[in-house]
Structure formats: structure tokens, C-alpha cells
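Position one of the sequence shown corresponds to residue 1122 (the working numbering), numbered consecutively onward.
In case anyone wonders, no lab produced these hints; they're calculated from the structure.
Just so you know, these numbers come straight off a predicted model, no measurement behind them.
Backbone N, C-alpha and C fix where the C-beta goes; we use that ideal spot for every residue, glycine too.
A few of these clues could be false.
[As the list claims (entries may be wrong)] Under the rule of at most 20 Å between Cα atoms (straight-line distance), these lysine to aspartate or glutamate pairs were calculated in the EDC-like manner:
(1) Lys1438 <-> Glu1427
(2) Lys1343 <-> Glu1321
(3) Lys1299 <-> Glu1334
(4) Lys1362 <-> Glu1333
(5) Lys1362 <-> Glu1350
(6) Lys1229 <-> Glu1252
(7) Lys1438 <-> Glu1259
(8) Lys1236 <-> Asp1251
(9) Lys1236 <-> Glu1259
(10) Lys1415 <-> Glu1448
(11) Lys1324 <-> Asp1284
(12) Lys1415 <-> Glu1443
(13) Lys1299 <-> Asp1335
(14) Lys1299 <-> Asp1450
(15) Lys1226 <-> Glu1249
[Unchecked claim] Quick list of the computed label-pair ranges, beta carbon to beta carbon:
(16) Pro1409 <-> Glu1337: 24 to 32 Å
(17) Thr1255 <-> Lys1446: 24 to 32 Å
(18) Glu1347 <-> Gly1261: 35 to 43 Å
(19) Thr1354 <-> Lys1226: 27 to 35 Å
(20) Arg1302 <-> Gly1435: 53 to 61 Å
(21) Lys1256 <-> Gln1404: 39 to 47 Å
(22) Asn1223 <-> Lys1407: 37 to 45 Å
(23) Pro1409 <-> Asn1147: 51 to 59 Å
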Amino acid sequence: MINVTIKDIARMSDVSTATVSRVLNNNGYASAEIRDRVLSVAKQLNYQPNGIARSLKTDRTSTIGVIIPDISNPYFMRISKGIEDTLEQSGYILMFVSSDENPHKEEKTLHALLKNRVQAIVLATSSENDETITKIQETGVPVVLIDRKLGNQSGHLDSVVEDNVEGAYQLTKYLLQKGHRHIGVINGTLEVSTGRERYEGYKRAIREFQIEEDPELVFNGKFNQEDGEEAVTHFFTLDQKPTAILSFNNTMTFGVILQLAKMGYTVPDDIVVVSYGDTEASQLLKPPGIVCIKQSPYDMGVKVGEILLKQLNGHAKEPVHEIFKPELDVRD
1122 MINVTIKDIA
1132 RMSDVSTATV
1142 SRVLNNNGYA
1152 SAEIRDRVLS
1162 VAKQLNYQPN
1172 GIARSLKTDR
1182 TSTIGVIIPD
1192 ISNPYFMRIS
1202 KGIEDTLEQS
1212 GYILMFVSSD
1222 ENPHKEEKTL
1232 HALLKNRVQA
1242 IVLATSSEND
1252 ETITKIQETG
1262 VPVVLIDRKL
1272 GNQSGHLDSV
1282 VEDNVEGAYQ
1292 LTKYLLQKGH
1302 RHIGVINGTL
1312 EVSTGRERYE
1322 GYKRAIREFQ
1332 IEEDPELVFN
1342 GKFNQEDGEE
1352 AVTHFFTLDQ
1362 KPTAILSFNN
1372 TMTFGVILQL
1382 AKMGYTVPDD
1392 IVVVSYGDTE
1402 ASQLLKPPGI
1412 VCIKQSPYDM
1422 GVKVGEILLK
1432 QLNGHAKEPV
1442 HEIFKPELDV
1452 RD
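Generate coordinates for the entire structure from the input sequences, incorporating the hints supplied.
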């Protein structure tokens, strides 16, 4: 039957349309016998609810907005997959958008998602929108921060992040213990918490070893592949070239490996590369390849999904602040 309505189900079930509505929406009382009869008829008629009409009536779209910096980055793809797998079974649909590390695009996207009445927002913020994000949360739309935190206002928002300071500290300490003193450092953008914290972890390690930072060996990028390529080019123009390169995300690390290969250098024979997060390109290197911080993006996404379900079902109490601990992957 084409375009089956609840009136058709009511007629065949010999009940009112109000009763059919209560059963199909699981909202209100209906006896077990009536419930079974209505659901059986709905299945028999292959009833498909009109999602658009329902969302207009209830002001609920069952849609979750997810804003991430780079939708092509495997790290954020895995996070998104974890969120999707957790929420799909509850009937939620995800809408993904890249902010491209652009605060203005992020702000426009936030407003667009609200206009489309999303039920919640997951955000890896590109910074500068703390006030807007806080106001959204205050309207009753749940916001969960992933990978990155706001400034001083993030305590009341749910968040799932990594211990970036500790991870960067471990990577740097590994190189220092191996005897490296000329380390080329590739930062991501320092405008976001992830970039600032990883840089702080590096500085903490060199302070511990009483080493003074060399500004020429610090390249400030924006977490993209081009940064890794440009950083390598810069480092190899120096009189004293680095013996190791420390890259603070997987995408920049890919650029590092690519540029080193173009220049005829071999990892790790000619230069050691360590990375906050692994990259598939490292599998092409001969053992031991690169040393990296193991990340758990899928598990982080699952945790976000669990937090959202509690929020949307009205079971949330205090804000959740989940911190994933780093694990050094050494392939000696």
C-alpha cells in the first residue's frame, strides 16, 4: 500500500487514530493487546512514518550536528564513526560539517544547525566562539566538546578529550632519552587547546632535561599536510639540521614523511620522526618506522554518543569530562 497513514492503521486495527499515535510514538497508555494489534497492522501495511511532518509537529528532528575541523582527517573520521554507531540504534541521524579551522565558518554552521532544529551538537572547536557555544547550551540544546576544549568556560559543557600535555611530554622525553638535542618541532595551531597543550608538553620535557628551546627549530602550523611539508623544507635550510622531527598530529606527519621522501631522506635511518597520532603512510616505512602516541578516536566517539544519549533521554546529571590517557607506541 502506498502512502499508508495512521488512519489506515486505525481502521484496520479498529481503534482510534489517537491510540495508533500513542502506540507508534510509544507515548501514553495502550493495553498490551491493543499495542500488539496496532504494531502488527503497521508492519503488515509496511507503514513508514513521515519524519518531516513529525519533526514539524514535535520540533524534534532526531538529527545531531557534528562540526569537526577536517572531515577528511582519518582521526576525525573514526571519531565520527564511533558517534554514529552509538546513536544510530536509537534512531538518530548525524549531519557532518567541516569548519576548516575557520572560526567564522564554525559560527555560521552553528547558527545553521540551530535553524534546522538539531537536537544536539558535537563540536571540535576552532576557537573564538566560546560565547556562542555557551549561549547554545543555555537554550537547552546539548553541546559535547570533542578533542578540544573552550577557554575558561568549558567546565559546564560535556567534553571528551585526550591528555595532550602528557602525550607530547612522553614523545619529547623519548627523543631526549635517545640522545636527540636538535629536535624540529611542528606545532598545530596554538589558538586551540589541543595545539597549546601539546606544545606545553614539549616545553615541559625540555625544561626537565635543562635544554633551552631553539626558536628556529619550532614551526607553527595549522594541523594540515602542507605544514609538515613546509616544516621539513624549513628545517633542512638550517645550518644545524635536526636529528629528529616531532610532529603534533597525524596529518602534518604525513606531510613530513612525504617531503622527506621527495628530498631523498629515509626514516628512521637519516632522521627520526615521532608523531602525536599514527598515519597510514608509516606502514610503508621499513621497521621500526615512526614512534607515535596511540590514539583511540573510535572509542572517543562512542563515549560522545553515550553522553548524548543520556542528555537526550534526560538522564544526565553533572557534566562529564572524559580524558583519554596517552600510550606511547615504540617500535624498536
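Verification of the hints:
1. Lys1438 <-> Glu1427: 13 Å, holds
2. Lys1343 <-> Glu1321: At roughly 16 Å apart (the allowed maximum being 20 Å), Glu1321 and Lys1343 satisfy the hint.
3. Lys1299 <-> Glu1334: 18 Å, holds
4. Lys1362 <-> Glu1333: Judged against 20 Å, a Cα distance of about 16 Å means the pair holds.
5. Lys1362 <-> Glu1350: 15 Å, holds
6. Lys1229 <-> Glu1252: 14 Å, holds
7. Lys1438 <-> Glu1259: Holds, because 15 Å separates the two Cα atoms, which is no more than 20 Å.
8. Lys1236 <-> Asp1251: 19 Å, holds
9. Lys1236 <-> Glu1259: 16 Å, holds
10. Lys1415 <-> Glu1448: Holds - the C-alpha atoms of Glu1448 and Lys1415 are around 5 Å apart, at most 20 Å.
11. Lys1324 <-> Asp1284: Roughly 15 Å separates the two Cα atoms, so the pair holds.
12. Lys1415 <-> Glu1443: 17 Å, holds
13. Lys1299 <-> Asp1335: Since the Cα atoms of Lys1299 and Asp1335 sit roughly 19 Å apart, the hinted pair holds (cutoff 20 Å).
14. Lys1299 <-> Asp1450: With a Cα-Cα distance of about 15 Å, the restraint between Lys1299 and Asp1450 holds, given a limit of 20 Å.
15. Lys1226 <-> Glu1249: 11 Å, holds
16. Pro1409 <-> Glu1337: 24 to 32 Å: Taking Cβ atoms as reference, Pro1409 and Glu1337 lie about 28 Å apart, which means the hint holds.
17. Thr1255 <-> Lys1446: 24 to 32 Å: 28 Å, holds
18. Glu1347 <-> Gly1261: 35 to 43 Å: For Gly1261 against Glu1347, whose Cβ atoms are near 40 Å apart, the range 35 to 43 Å holds.
19. Thr1354 <-> Lys1226: 27 to 35 Å: 28 Å, holds
20. Arg1302 <-> Gly1435: 53 to 61 Å: 56 Å, holds
21. Lys1256 <-> Gln1404: 39 to 47 Å: Check passed, 45 Å falls within 39 to 47 Å.
22. Asn1223 <-> Lys1407: 37 to 45 Å: 39 Å, holds
23. Pro1409 <-> Asn1147: 51 to 59 Å: 55 Å, holds
When the structure is compared with the earlier hints, no violation turns up for any of them.
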